[in-house]
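Residue numbers (this note's numbering), protein chains in the order written: chain F, 1 to 398; chain H, 1 to 174; chain E, 1 to 324.
Some hints could be false.
[Stated by the list, open to error] Below, computed lysine-lysine pairings styled on DSSO-like, alpha-carbon distance capped at 30 Å:
hint : chain 1 : residue 1 : chain 2 : residue 2
1    : E       : 137       : F       : 31
2    : F       : 325       : H       : 26
3    : H       : 76        : F       : 262
4    : E       : 67        : E       : 35
5    : H       : 143       : F       : 271
6    : E       : 67        : F       : 167
7    : H       : 91        : H       : 26
8    : H       : 143       : F       : 321
9    : H       : 91        : F       : 353
10   : F       : 318       : H       : 26
11   : H       : 13        : H       : 152
12   : H       : 91        : H       : 13
13   : H       : 76        : F       : 85
14   : F       : 85        : H       : 152
15   : F       : 85        : F       : 32
16   : F       : 262       : H       : 46
17   : H       : 143       : F       : 325
18   : F       : 217       : E       : 67
19   : F       : 271       : F       : 167
20   : F       : 353       : H       : 76
21   : F       : 325       : H       : 142
22   : F       : 80        : H       : 152
23   : F       : 85        : H       : 26
24   : E       : 137       : F       : 32
25   : H       : 143       : F       : 80
26   : H       : 152       : F       : 318
27   : F       : 353       : H       : 13
Everything labelled a hint here was simulated from the structure, so no lab data went into it.
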Amino acid sequence: MTGCFNFINPLAVTEEPGTTAGDFYTRNFEKKAVPGRIILNLGPQHPSTHGVLRILCEMDGEYIVRCEPVLGYLHRMHEKMGEVKTPWQFIPNMGRVDYLHPLAWTWAFVGACERLAGIEIPERAEYLRVISCELNRISSHLLWWGAFVMDLGGVTPILYAFEEREKINDILQIITGSRLTMSSFRFGGVCTDADERFKSLAKEFIPYLRERLKMYKGLVTDNIILRRRLEGIGPMDADICRRYGATGPILRAAGLARDTRKDFPYSVYHKFDFPVPAGPANDCFGRYLVRLSEIEASLMIVEQALASLPEGSHIMEKAPKANWKLPAGESYMAVEGARGQVAVHVVSDGGPKPYRVKLRAPGFSNLSLFAEAAAGTLLADAIAILGSLDLVIPEVDR
Amino acid sequence: MNGPEQWLNDWRKAGALSLSRHDPAKEGITVSAFLPAAALISSAEKLGQAGYTLLDISALEALEGLVVTYHFDSFKEPGRLALRVLVSPRKPALPSLYSVFQGAEWHEREAADFFGLVFENNPNLIPLLLPDDLPGPPPLRKKNGALSPISKLGLLGQAEIIDPGFGAACGLGE
Amino acid sequence: MDLSLAIFVQIIVAVLLIIGLMVGNAVVMVYMERKVAGFIQRRPGPYEVGPWGTLQAVCDSMKLLAKQVFLPGNVDFILYYLAPILAFLPVLLLFLPVPFGPILTPLHINEGIVLILAFAGLGVLSNLLAGWSSNNKYSLLGAGRAVAQTVAYEIPMILALLAVVLQSGSMDLAKIVGQQGQYPWQWNIALQPLAFFIYLVSLVGETNRAPFDLPEAESELTAGFHTEYSGMGFALFFLSEYANMLLVSFVCASFFLGGYKGPFLDGIWWTFIKAYLIMFFIVWIRWTFPRVRFDQLLNINWKWLLPLGLLNLWLTAVLVKFLV
Numbered sequence: 001m002t003g004c005f006n007f008i009n010p011l012a013v014t015e016e017p018g019t020t021a022g023d024f025y026t027r028n029f030e031k032k033a034v035p036g037r038i039i040l041n042l043g044p045q046h047p048s049t050h051g052v053l054r055i056l057c058e059m060d061g062e063y064i065v066r067c068e069p070v071l072g073y074l075h076r077m078h079e080k081m082g083e084v085k086t087p088w089q090f091i092p093n094m095g096r097v098d099y100l101h102p103l104a105w106t107w108a109f110v111g112a113c114e115r116l117a118g119i120e121i122p123e124r125a126e127y128l129r130v131i132s133c134e135l136n137r138i139s140s141h142l143l144w145w146g147a148f149v150m151d152l153g154g155v156t157p158i159l160y161a162f163e164e165r166e167k168i169n170d171i172l173q174i175i176t177g178s179r180l181t182m183s184s185f186r187f188g189g190v191c192t193d194a195d196e197r198f199k200s201l202a203k204e205f206i207p208y209l210r211e212r213l214k215m216y217k218g219l220v221t222d223n224i225i226l227r228r229r230l231e232g233i234g235p236m237d238a239d240i241c242r243r244y245g246a247t248g249p250i251l252r253a254a255g256l257a258r259d260t261r262k263d264f265p266y267s268v269y270h271k272f273d274f275p276v277p278a279g280p281a282n283d284c285f286g287r288y289l290v291r292l293s294e295i296e297a298s299l300m301i302v303e304q305a306l307a308s309l310p311e312g313s314h315i316m317e318k319a320p321k322a323n324w325k326l327p328a329g330e331s332y333m334a335v336e337g338a339r340g341q342v343a344v345h346v347v348s349d350g351g352p353k354p355y356r357v358k359l360r361a362p363g364f365s366n367l368s369l370f371a372e373a374a375a376g377t378l379l380a381d382a383i384a385i386l387g388s389l390d391l392v393i394p395e396v397d398r
Numbered sequence: 001m002n003g004p005e006q007w008l009n010d011w012r013k014a015g016a017l018s019l020s021r022h023d024p025a026k027e028g029i030t031v032s033a034f035l036p037a038a039a040l041i042s043s044a045e046k047l048g049q050a051g052y053t054l055l056d057i058s059a060l061e062a063l064e065g066l067v068v069t070y071h072f073d074s075f076k077e078p079g080r081l082a083l084r085v086l087v088s089p090r091k092p093a094l095p096s097l098y099s100v101f102q103g104a105e106w107h108e109r110e111a112a113d114f115f116g117l118v119f120e121n122n123p124n125l126i127p128l129l130l131p132d133d134l135p136g137p138p139p140l141r142k143k144n145g146a147l148s149p150i151s152k153l154g155l156l157g158q159a160e161i162i163d164p165g166f167g168a169a170c171g172l173g174e
Numbered sequence: 001m002d003l004s005l006a007i008f009v010q011i012i013v014a015v016l017l018i019i020g021l022m023v024g025n026a027v028v029m030v031y032m033e034r035k036v037a038g039f040i041q042r043r044p045g046p047y048e049v050g051p052w053g054t055l056q057a058v059c060d061s062m063k064l065l066a067k068q069v070f071l072p073g074n075v076d077f078i079l080y081y082l083a084p085i086l087a088f089l090p091v092l093l094l095f096l097p098v099p100f101g102p103i104l105t106p107l108h109i110n111e112g113i114v115l116i117l118a119f120a121g122l123g124v125l126s127n128l129l130a131g132w133s134s135n136n137k138y139s140l141l142g143a144g145r146a147v148a149q150t151v152a153y154e155i156p157m158i159l160a161l162l163a164v165v166l167q168s169g170s171m172d173l174a175k176i177v178g179q180q181g182q183y184p185w186q187w188n189i190a191l192q193p194l195a196f197f198i199y200l201v202s203l204v205g206e207t208n209r210a211p212f213d214l215p216e217a218e219s220e221l222t223a224g225f226h227t228e229y230s231g232m233g234f235a236l237f238f239l240s241e242y243a244n245m246l247l248v249s250f251v252c253a254s255f256f257l258g259g260y261k262g263p264f265l266d267g268i269w270w271t272f273i274k275a276y277l278i279m280f281f282i283v284w285i286r287w288t289f290p291r292v293r294f295d296q297l298l299n300i301n302w303k304w305l306l307p308l309g310l311l312n313l314w315l316t317a318v319l320v321k322f323l324v
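Taking the hints into account, I'd like the entire structure generated from these sequences.
Spelled out as structure tokens, the structure:
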């Protein structure tokens, strides 16, 4: 039937006898499936898996009986790259692990190496790190907010969120030099000093975003459809968080005010007064509220840090150069990322390259509880739960 | 409430091979211990009952064998701990922590991908991050010439060696 | 014989004009939808092709026409090709009884609304066939949702229309329009506000538009029942979706908003202005609200719209019996 319509012959598509459909993971998943139920392959190309996550679901009608995330579609083996590059060369990699909150990852790696070598960085550099990391956290939460509402079918908020993100990117561009995969932290400080333009733009941004957050509350948070979609959906209590190692907003929504910035104070966070929002509910809506409150907490930190930004150099004299060798030993540095506890475990034998770099991705642990949380829910609720975990797949897959 | 010192005592009773104190400001963990593989699950259970969670499983290959480090963090009080198990690279088998921390399933599968470790009783030990038909040895195993001894890597911190055989293997003596 | 030939010619001419209307409507709606979405989302919308982007819809349709009609493996290809045609064809007939202007009614039918409701039911069959024949699980789930939703929302819709029918004593749309006056307080919306509200909610559900767009919920089912369709197959679904929207808007305008009657001068323009205002409303809520969940959608229907519709119908019947 070829011709003007270019029909494709259905008979040309044949399956070899003896083979079943699906790949290794599908066949493995099907072994435990009840015959007659639909095995739905959600992803790796699916509008609400935020990239290339794939979830195998065993469906009973619209209900998910059992599901299993399949990872690895964006795996880049950063840990191996850490072993074949010098620490200096590896810094830009950290910006690529989590493209929404790259500065947390850069900070975890740079901080781990600095701790191992016993480097004290200038106070101004610490403040600049705090300011840029918190602004970055706000932009990450804003994008999550837009994407999450989009998962629920509201397409408009993400475009509002991007307006703010653009402003943050404009501000961060001045001191990080990039708009997405920022990696401006250096051993011994940060690469660029803040100028007057940066400070004035950042100061203008704080009241602007506070106004916008009020608008978001009226437009989206108080929407009855949104609330009905989120309230009571996907409860995750402290026990499931403990068993799966979930951290960040998920843990805080479960009522535990655990925040690496308060519990293991690194850098100059102990100088700032900011709340750690926790609770009131451990469902999707609770996680939604916790993240929105975190934006406000981050704004408070940025405000205080800008007001008390000390004078001095943004990078220490005699900062490590490109041929710098890590001293032998191990160091485990955790920082609070937008998605939870970001940690880097560096082990060095004193050679030019790290002996082992282990990246602890919060999204990896957070996603691992999805299978338990989503079992028995409707497909639409599972999408809402998935969105409320705030996944960045490059970070999960590393 | 168990402080780091109580955990050290606990592990000593559990038959630890060595106990170490670390500088939290530098190394990020307070105490660690090398445990025999048989004592891993019972020690992890105690940690789980005390409100600890499994942060990650960070394996590496040293001269003496594969060192599997389990990082734990408490939900109640700050203080990171590490349990370590030394596994022979020829027969890299150790028990799975799935029964205590369900999140360990993925961390173990990841370690199995990268190092060829075998976690017994892991319910679904199939490749997680790497393809199922990846040829060659596990990617993070090192070549023989590139291996460093455990003592050089700083994994022992300020160590108290309990098992003389282990100390001798690490080149530390008593 | 002459009479039936005349009616035959009339129907042919009317159907041709309706096809023109459908295509023209799709072009207008594509542009309107994208521009309205753009303004709601604080961006300009299409503005590259032609003045103010007006030719964007033409480009879109050219693309759809030129695109390959892709046939996935192992589909039931007779049903697969039948489904979009079946979605498109009944819509042509649906416009026949609609009074566009004082004299411009394609075909006077005594039971016009019965014809519309009867053939509108065929649309869901095409969704079902499309979902079934595509050999795709998303399509199948989407088709299941489409059937449950459309069947459910037809009932309150009929109840709302039936109240107006009871009150006017006619099923002919032209007569219903004729009974209404020129000014808003003389329209049926003033007498039947509850029926209007029920109809407005259920028309969004009936046309599968957001926030009730469950059959094609893109964040859950990628594209629902038309996941596997491309090119003209997709275009026909697209055309019929917009044509269905136009139809329910015309019916709404005729039943509740006085049809072609309006202040100053009666005429076809009032029908179109009213219909497109309702279309604008549908587009507006699509870009404002998140999607409801499927059980919530059915709960709204069975627990709220249906009892309210029955109550409204009962009240109308009592009032008609004792007052008129």
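Quick rundown of the hints versus the structure:
1. 137(E) to 31(F): holds, 19 Å
2. 325(F) to 26(H): holds, 17 Å
3. 76(H) to 262(F): holds, 13 Å
4. 67(E) to 35(E): holds, 24 Å
5. 143(H) to 271(F): violated, 47 Å
6. 67(E) to 167(F): Between residue 67(E) and residue 167(F) the Cα gap is close to 39 Å, so the pair fails against 30 Å, i.e. violated.
7. 91(H) to 26(H): violated, 34 Å
8. 143(H) to 321(F): holds, 28 Å
9. 91(H) to 353(F): Holds, at about 28 Å.
10. 318(F) to 26(H): holds, 21 Å
11. 13(H) to 152(H): Roughly 27 Å separates the two Cα atoms, so the pair holds.
12. 91(H) to 13(H): Given that 30 Å is the threshold and the Cα spacing comes to 27 Å, the pair holds.
13. 76(H) to 85(F): violated, 38 Å
14. 85(F) to 152(H): holds, 20 Å
15. 85(F) to 32(F): violated, 43 Å
16. 262(F) to 46(H): Answer holds: residue 262(F) to residue 46(H) is near 26 Å, not above 30 Å.
17. 143(H) to 325(F): OK: residue 143(H) and residue 325(F) at ~21 Å, within 30 Å.
18. 217(F) to 67(E): This hinted pair is violated, its Cα atoms lying about 43 Å apart.
19. 271(F) to 167(F): OK: residue 271(F) and residue 167(F) at ~27 Å, within 30 Å.
20. 353(F) to 76(H): Given that 30 Å is the threshold and the Cα spacing comes to 36 Å, the pair is violated.
21. 325(F) to 142(H): Roughly 20 Å between the alpha carbons, so the hint for residue 325(F) and residue 142(H) holds.
22. 80(F) to 152(H): Holds, because 20 Å separates the two Cα atoms, which is no more than 30 Å.
23. 85(F) to 26(H): Holds, at about 23 Å.
24. 137(E) to 32(F): holds, 20 Å
25. 143(H) to 80(F): holds, 13 Å
26. 152(H) to 318(F): holds, 27 Å
27. 353(F) to 13(H): Measuring from Cα to Cα gives roughly 38 Å; hence the hint is violated.
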